[in-house]
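2 protein chains.
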Amino acid sequence: MIIKYISTFSAVIYLLNCLTPEENTGCQHGLYFQDGERRVDYILTYHIKKPSSSRSNRQSSRFTDNAFTRSLRRGTARLGRAPPPQPRGDPEVASQDHSMDYHVDDKRLHREEFEGNLRDMGIELEKDEDTKTPGVGFVKIHAPWHVLCREAEFMKLKMPTKKVYEMKQSTGVGAKINTLVNKVTEPLYPNVEDNRTHNVKHLSYMFSREKQHLFDLSDRDSFFDSKTRASIVSVIVSSRSSRTVDWSLRPLRPLITVDHLSLFMRTISGMCLLLLYRFLCRKYFGEKIGLYFAWLGLYTQMLIPASLVGVIVFLYGCATVDDNIPSMEICHPKNNITMCPLCDRACSYWKLKEACGTARASHLFDNPATVFFSIFMALWAAMFMEHWKRRQMRLNYEWDLTGFEEEEVSDHPRAEYELRVMQKSLKKEHKTQKVLIEKEKLTCRDRLPAYMTNVVMMLLMIGVTFAIVFGVILYRISTKTALHMSNNPTTRSNVRLTVKTTAAIINLVVILILDEVYGAVARWLTVLEVPKTDKSFEERLIFKTFILKFVNAFTPIIYIAFFRGRLVGRPGSYLYVFESYRMEECAHGGCLMELCIQLSITMLGKQLIQNNLFEIGIPKLKKLIRYIKSKRRSFQEEEREKKLQRYETDHFLEPFAGLTPEYMEMIIQFGFVTLFVASFPLAPLFALLNNIIEIRLDAKKFVAELRRPVAARAKDIGIWYNLLRAVAKVAVIINAFVISFTSDFIPRLVYQYMYSPDGSMHGFVNHTLSYFNVSNFQDGKEPMDPQHQVEMCRYKDYREPPWSNTPYVISKEFWAVLAARLAFVIVFQNVVMLMSDIVDWLIPDIPKDISLQIHKEKILMVELFMKEEQGKIQFIDSMMPCGGKEKRNNHAPIARSRSIPHTHSHTHANNF
Amino acid sequence: MIIKYISTFSAVIYLLNCLTPEENTGCQHGLYFQDGERRVDYILTYHIKKPSSSRSNRQSSRFTDNAFTRSLRRGTARLGRAPPPQPRGDPEVASQDHSMDYHVDDKRLHREEFEGNLRDMGIELEKDEDTKTPGVGFVKIHAPWHVLCREAEFMKLKMPTKKVYEMKQSTGVGAKINTLVNKVTEPLYPNVEDNRTHNVKHLSYMFSREKQHLFDLSDRDSFFDSKTRASIVSVIVSSRSSRTVDWSLRPLRPLITVDHLSLFMRTISGMCLLLLYRFLCRKYFGEKIGLYFAWLGLYTQMLIPASLVGVIVFLYGCATVDDNIPSMEICHPKNNITMCPLCDRACSYWKLKEACGTARASHLFDNPATVFFSIFMALWAAMFMEHWKRRQMRLNYEWDLTGFEEEEVSDHPRAEYELRVMQKSLKKEHKTQKVLIEKEKLTCRDRLPAYMTNVVMMLLMIGVTFAIVFGVILYRISTKTALHMSNNPTTRSNVRLTVKTTAAIINLVVILILDEVYGAVARWLTVLEVPKTDKSFEERLIFKTFILKFVNAFTPIIYIAFFRGRLVGRPGSYLYVFESYRMEECAHGGCLMELCIQLSITMLGKQLIQNNLFEIGIPKLKKLIRYIKSKRRSFQEEEREKKLQRYETDHFLEPFAGLTPEYMEMIIQFGFVTLFVASFPLAPLFALLNNIIEIRLDAKKFVAELRRPVAARAKDIGIWYNLLRAVAKVAVIINAFVISFTSDFIPRLVYQYMYSPDGSMHGFVNHTLSYFNVSNFQDGKEPMDPQHQVEMCRYKDYREPPWSNTPYVISKEFWAVLAARLAFVIVFQNVVMLMSDIVDWLIPDIPKDISLQIHKEKILMVELFMKEEQGKIQFIDSMMPCGGKEKRNNHAPIARSRSIPHTHSHTHANNF
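Sequence lines, in order, name chains L and W. Sequence positions in the first sequence follow full-length UniProt numbering and run 1 to 912. Sequence positions in the second sequence follow full-length UniProt numbering and run 1 to 912.
The hints are all genuine.
In the DSSO-like style, the derived pairs of lysine-lysine whose C-alpha atoms are separated by at most 30 Å in a straight line are:
1) L:Lys-428 x W:Lys-856
2) L:Lys-858 x W:Lys-158
3) L:Lys-288 x W:Lys-858
4) W:Lys-848 x L:Lys-535
5) L:Lys-162 x W:Lys-158
6) L:Lys-858 x W:Lys-288
7) L:Lys-162 x W:Lys-872
8) L:Lys-858 x W:Lys-389
9) W:Lys-288 x W:Lys-535
10) L:Lys-156 x W:Lys-848
11) W:Lys-162 x L:Lys-158
Read the hints as simulated data drawn from the structure, not as lab findings. Here the structure is a predicted model, which means the values were calculated and not measured.
Chain L on its own, in the form it takes in the complex (with noise of 0.2 Å):
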C-alpha cells in the first residue's frame, strides 16, 4: 500500500531499479544477446515450416552467407525497378505448381537477402530458432551507437541538451483555476502528464552528429530510450523492406520490444499502475497512445462539469414538477377531457387524467432547463476542441515534437498493395512481351469492382439496420395490438412498459451484434479496395467503421425523436402499415420522454456490455486460446514452461491492434452525450463513469493483455480530431430539432405569447387538443367497448374542429407553431454556431506560457550558439597573438572549427 503514495518520479525509478536486478538473473538472456552486452532493441518473428535437420547449423551458416549474391540483389534493388521476372517472381504468382520445398528455400533466400540489407545498414542481427516455441523463429536486433545517432539525425529527433532551464510556473488567475480543477480531478484519471518535474526542462534541439558537444552523451546506453531504439529499428526495418523488391514477400513479422521497463511493466498491475502512468505512459508506449490517454484524461476531465450541469438541470426538472401548469391540468381531479382511443376497435376512450403520471415524467426531461443545457453542452463541445488543441500543443512542446513533421513512415505502399501491383504488371507483360520499365500504378479503373462492392455493400449494410428497426416497430405495433386484446386486465395495464422495455431489450442487442459485424464488413471493404499506404488504410477504415456504427447507434433514437408520432394521421383516417397496423403514437407528455427511455438504455447496454466486458474479456480469451493451442502442440515442456524467455510470453499475448477501436467507441459515446443532450441530461453522468472504469481497464490492456507496440511519434490525433468536429456539429442542428419538434417548448411558447387569455400557461392542454365527431370514424374501426358512450372526444394535433367550414383540416395554430419551431431552429444553430466560433476565436490555440517557453527556447539556442562561437574567436585570438594569414579587423569573422569538446580544434580561417 505504500506504493499508493509514491508518487514523484525518483521514486518510480527507484522502483525500477530494485526490481530488474532481482529479475536478471532470470530473464536477462532475453533482453540482451548471447554477449549480454547488446541490448535487444526490436524482435523480428518467422514461421518455421519444418524443424528439419537442416536447421541446426543456423547460427554460423546464416551469417556467413555469400555476399556476392546479396549484393548483386541490392544493386538490382538500389535501381528502383523491378529484376526481370523469371528468375524469381514467377514461383510466386505466374505457376503455382512448384513444390513446398523450393517455395520455403524462397523464402528463406528473400529473409536471407532482406537481413543483409539491415547488416548493410550497420544493424546487428542474432538469431534464436532454438526455442521452447516451436515453429517461430525469432531474430533479435540491436542497433550500435553510430546508427541510432545517424538515424536520429535524418528522423530529425528532438533531443535533450545539457543545457537545462527553469521554467517559468504560470501565474494567471486561469492557471491557477486549472491548477485546482487538476488537484480536485486527479484521482479520477491518470494524467499522462508530469505535473511535478515541471520546473526544469532539458534544452531539446534537433539531433546531429556534428553537434554531439550539445548533448549529455556520458550515458549512451540511456541516452536513446527503449522506445526511442525501437522505434528507430522499427523506421529502418520498413524503409529497407520497401525499398528492396520482395516486400510482399516480407519473410519477417515484427513482434515485440522488449526491455527493462516492459518487464517492470508487465510485473505489476492494477492501482499502482494508475501512478506510474503519468510517468511512463509515453516513455513506454510512445507518443501516439500518449496522447491518446492524454485526449481520454481530458475528455474524462471535461465531463465532470458536464455532468454536474446535467444533474443540477436534472434536479431542476424534478423539484420543478409540481409547479408545471400543463401537468397540473392534466393531473387536476376536475379534468374530464376524453380521449380518442389509442387503437382501433380493442381500445376504448380514455380520460386524459389517466396519462397525469407520464406528463409529470416528461417534465423531468422537457423544461426550460434543458434548453439552456443543450446550448451549454454545444458550447462545451467547443470548449472541449479547443482546450484539446491546447493540451495538444503543450504536450507537442514537452515531448520535444514542436518541429517535427508527420507522415514519415507511413508514405511506403502497403505490401497488399505492391502485390497487387505486381500482379498487375506481370499480366500486362504477360500480355506486351515487354518488359515494363515504368512503375505501375492501381488506377480507378482496376479499382473499380472494388469500390462498387463497396458502395453497394455500404447501402446493404444500412438497409438491414433500417429494416430492422422498421422490424421493431413492427414489433411493438403488433404486440401493443395482441396484449391489448387480451383479457387479462394486469397484462392489459402493463402493456406500454412491457413492449418498450422488451423492445428497447431488442434493439440493443441488435446494435451490440451488428456493431461487430460492421467492424468486420468495414474491414473487409478496406482490404477489398488495396489502398495505397498505412495511413490511407486506417483512414478508409476509420471512415467506413464510423459511418456503419453510427448509423447502427443513432437509426432507432432517430426514429423515435423525429419521426415516431408524426406519421400517425388523425382519427378516422388513420396511417396503416401493412393496411392493418395503425402507427405507434407518442404517450401524451410528447416523445422525449420515450426518447430518453430509448437513449438510457442503449448508452447504459452499450458500454457496460461492448466496452468493459467485450473489451477485456475477448483479450484473454485469445490469450488462453492461442496458449492453450501452442501447448497441445507441444505438451512435453510443460515443465520447462516457467523458463520462456521474455520474448517469448509476450508472443502469446494479443498483438497490438491498433487504436482504431479505443477511440471509435469513444467517440461514440461523445455522440450520445452531444447529439441528444436536449433530451437525457445525465447522458454526461452516465459517460463519466464509464470512463473512470474505461481508462483503467484500457490502461490494463495494453500493459499486461497486448504485445508492446511500437513507439510511434504523432503530434496530433488526426482523422478523430474531424469527427469530433463533425459530431459536434451535427450535434447543434439535431439538438435544435429535439427542442423544436420533439418537445413542447415551442408549443407552450407560442401558447404563452400568442394565445394565453392571461399570459399563462392555464388552458395549454386544452389548445394543444382538437375535437373529434365520433361519428366520423371509418367504419369497423370505433372502439368495442360499450361503457363509454360519446359524442366528441379529444386528440392531439392542431386541426379545426368538426364544426367548422373545413372540418379537421391543419389549422392556423399549426402553422404558427411549425413556423415558430422553424424559426427557433434557424436562430438555435446560429446563434450556438457564432458562440462556438467565438469560443474557438478567444480561445487561443497555442496556451501563453507555451509559446512565450518556445520563444525563450529559440533565445537560449541562439545564445549557446553564440556563446561557442565568442569562446571559439578566443581560442583563435590566443592561437594567432597578431595577425595571421588574413588581414582581420576590429571584430574578426567568427571561425567555424569542429565543435567537439575533448579534442583539439583545428581552424581554417581562410576557409571563408
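Since the structure of chain L is provided, determine the placement of chain W on it from the hints.
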C-alpha cells in the same frame, strides 16, 4: 515592344545584366560602401536636428568612441533590466524641462550604443551625413559573409544545394485542365509562379555552416540574394534593438534596401512590368508580398468562372422574362386591379398595370436561376478557399518554406509598449522608492481606459453609420412625399427614379468618406490600446477596421434587403416615423430590384473611386508634397538634384504601409461578390473587371511609388484567411434569407404547390394581394384625389379580407408561407454548409504532386547523406589498411569527420 514577348527567365537576367553596368557609372556609390567593394544591404536613417560645426569630424570620432561606456551599458542591458533611472531615464519622463542640447546628445549616445551593438554582431557600418538631403543622416549597413552564414543558420533558412533533380510533370486530368486554364487566363493577371523553369529544381536544405559543402558557394555575392541579405540585417537590427534597454528611444529608422534589382525595377515600368512580375515579385519583395499577389491572382482567376455563370444566370433571366406568368398577369391589358395609395392624402389609388415595368425588371434578378447561382457561389467560395490552401502549400514548397515556423521577428515588443512599461515602472519606483527587479507588464487594469474608449468609440461609430442610414431613409421618405405633392406631372412620374438615384449616391459618398474616417479611427484606437507586439497591433487594427468598414459598406444594403417594406403596417393602420412620415415600401416586384440597384451603385462607385483613384492618386500626391517640402527647405540644391544618391531618391518615396489596405479592399469586394449574390449575379463580373486593373495598379504602385519594403517571410496570409472564411460562412445564411425573404421565390412555390387550382402560377398575383375597404381609412389619411371613387383597394400582404370574422388579421396563408420560408432557410443553410464541407474534405489541402515531391526530396536528402558517409568510410578504410585503434567488425561504424571540401579531412575515430 520587343520586351513584351520576352518571357523566359534568362532574358530577364540578360536585361538586368546589360542594364546595370550602364547604370553603374552613375549610381554605383549608392549601392556600395566608399571602398566600392562591400555592398549596401540595408540603410537606416535618422534625423539630424542641428547641422552644427561639431558634426564635421564625424566619421573618425564616431568609429573610435569610448568603448568602455559602451560595454558598460551593454553589460547592464544584458542583465535584462533597466539601469538606475536617475542618469538617463529622467530626462525622458520625469522632467521635461532639460535643454534640447542634452536631449540631442542623449539621442546621439543611444544611437552610438546601438551602432556599437550592431558592430559587435559583426555587422559593418558606414555613415553618410553629408547628403544633399538636409536633416537626414544615413547609416549604410553591410553584412559580411560570416554574419550572413551565422544568421541564415539561426533563421533556419532553406537554401538550394548543389544537388539538382528533375521534377515530375503532373500528368493527371486535373493537371491538364489546370494548364489549359492557366494558358487562357495568363494575360489577365501577373502570375507569381514561374511555370517554365519548373522542370528542374535544386534540392533545398536548411543552411548550416557545418554542411557548407552541400551548397554551391562558388559565387558568394549572389548566394544570398539582396532581399535575403536585407531581411537578415533587418532581423539583427530589430533583435539588437529589442535587447538594448533604450528600445523606445531607438534613434534609427530603417529606410530601404537598395540593389541592382531595385534600380532596374524602378527604371522600367508599365506594360513590361507584368512580365517581370512573374519572376521578380518574390525575389524583389519577399514571400509576404509574393503571397498577396499570388492570392490576388488566384482570386481573380477564380472570378472568371463565377462571372461567366453570373452572366449566364442574368441572360437566363432576360430570356425568360416573357414567359413569366406573374409579370404577364400584371402587364395584361385586362388586369384591372386597383391598389391602395402609396402615400397618405397626396397619392391616389393606382392600377397594378402601372407596375408592369418593375415587375418585368425584377424577374431578371428574381428567378429560380438565382437560387441555383447562390448555391453555386457558396460552393465557389468553399472551392476558392480550398484552392488557396493548395496554392499556398505549393508556393511554400517552391519557395522553400516548408520547414519554416513563423513568429520569429514579430515577438519583439513594440517601442510604444516598452515606453509605456518604462513609464509605469518609473512611476512605481517613484512611489515605492525601490528599484524593481521584476519586469513590469501592462495589465488589464492599465489598459482598461483604452479598452473602454475602444468599446465606446466602436459603438459610437456603428451608431453613426446607423444614424446616417436612417437619415438617408428619412431623406427618401420626405423627398418622395414632397415630390408627390408637386404639381408638375413630369416630376411626379420621375419621383421613384430621382429619389432612388440621389439616395444611392448620397449613400455612396457617405460610405467613401466614412471609410477614410473609420480607417483613421481604427488606427487611433489601436494605438491607444498599446498592443505588445507588431503582430498583435496588426491583428487588432485589422479586426477593428474590418468591423467598421464592413458595417459601413453593408448597413444600407442590409436595411434594404431585410427591413425595408416589412415595417409598413397595413392600410388603415400604417406605421409612422416622427408621427408624420409613413415607412417606405418596396416596388411591387419586391425589394430585390432595389437591393440590386443599391448594390451595383455601391460596388461600382466604391471600386472606381476608392480603389483606383485614391490608391494611385494619394501616394503620388504625398510624394509630390514631400518633395516640394524638402525642396523649399534647400532650394539651392536644385541643380544637383539629378545626382542624388540612390537611397536619397528613394527617401522621397512613400514608405511601404503594409498590405492591410490592399487586403481590406479585396475582402470587402469579396463580401460584395458573395454576401448578396442572390440579388446581383453580375457582381463577380464587376469584381473581375476591377481586379484586372487593380492588379496592374498595385504592381506599379509597389514598384514605382513606394519604398522597397523589407522582405518578410510568411507561410500564409494569416488573419485574412479567417476573415475570408467568416465572410463565406455569413454569406450562406444571408443568401438563404435573401432568397426566402427578399425574393418572391418561396411564395411562388407555396402558391404553386398548395393553393394553385391547376398547379400553375396563374392567379398568383391575386393570391398575394389582400383586400382593404376604403371606408376603414383613418381620418385625414384617405387620398384627396377626387377622380377615383372605389370601394375596395388591394395591398400586398397576407391578411384576412374585410368581410371575415377577424378582418385584417394575419391569415393562415401568411403562416404557411412563413413556415415555408423558414424551412427553406434551414434546408438551404445546412445543405450548402454540408456541400462546402464535402468540398473541403474532397480536395486535399496538399496537392498530390507536392506531397510526392516533398517525400522524394526527403529520400534524396537521406541518400545524399548516406553516399557521403560511404565515401568517408572508404576514405577511412584507405587510411587504415588493417585494424586501427579499435576493433572493427564487418561493417565499420561510420566515422564523423569535418566535411569541408578543399581542406584535408581529419578523423577522430575514437570519438564514437
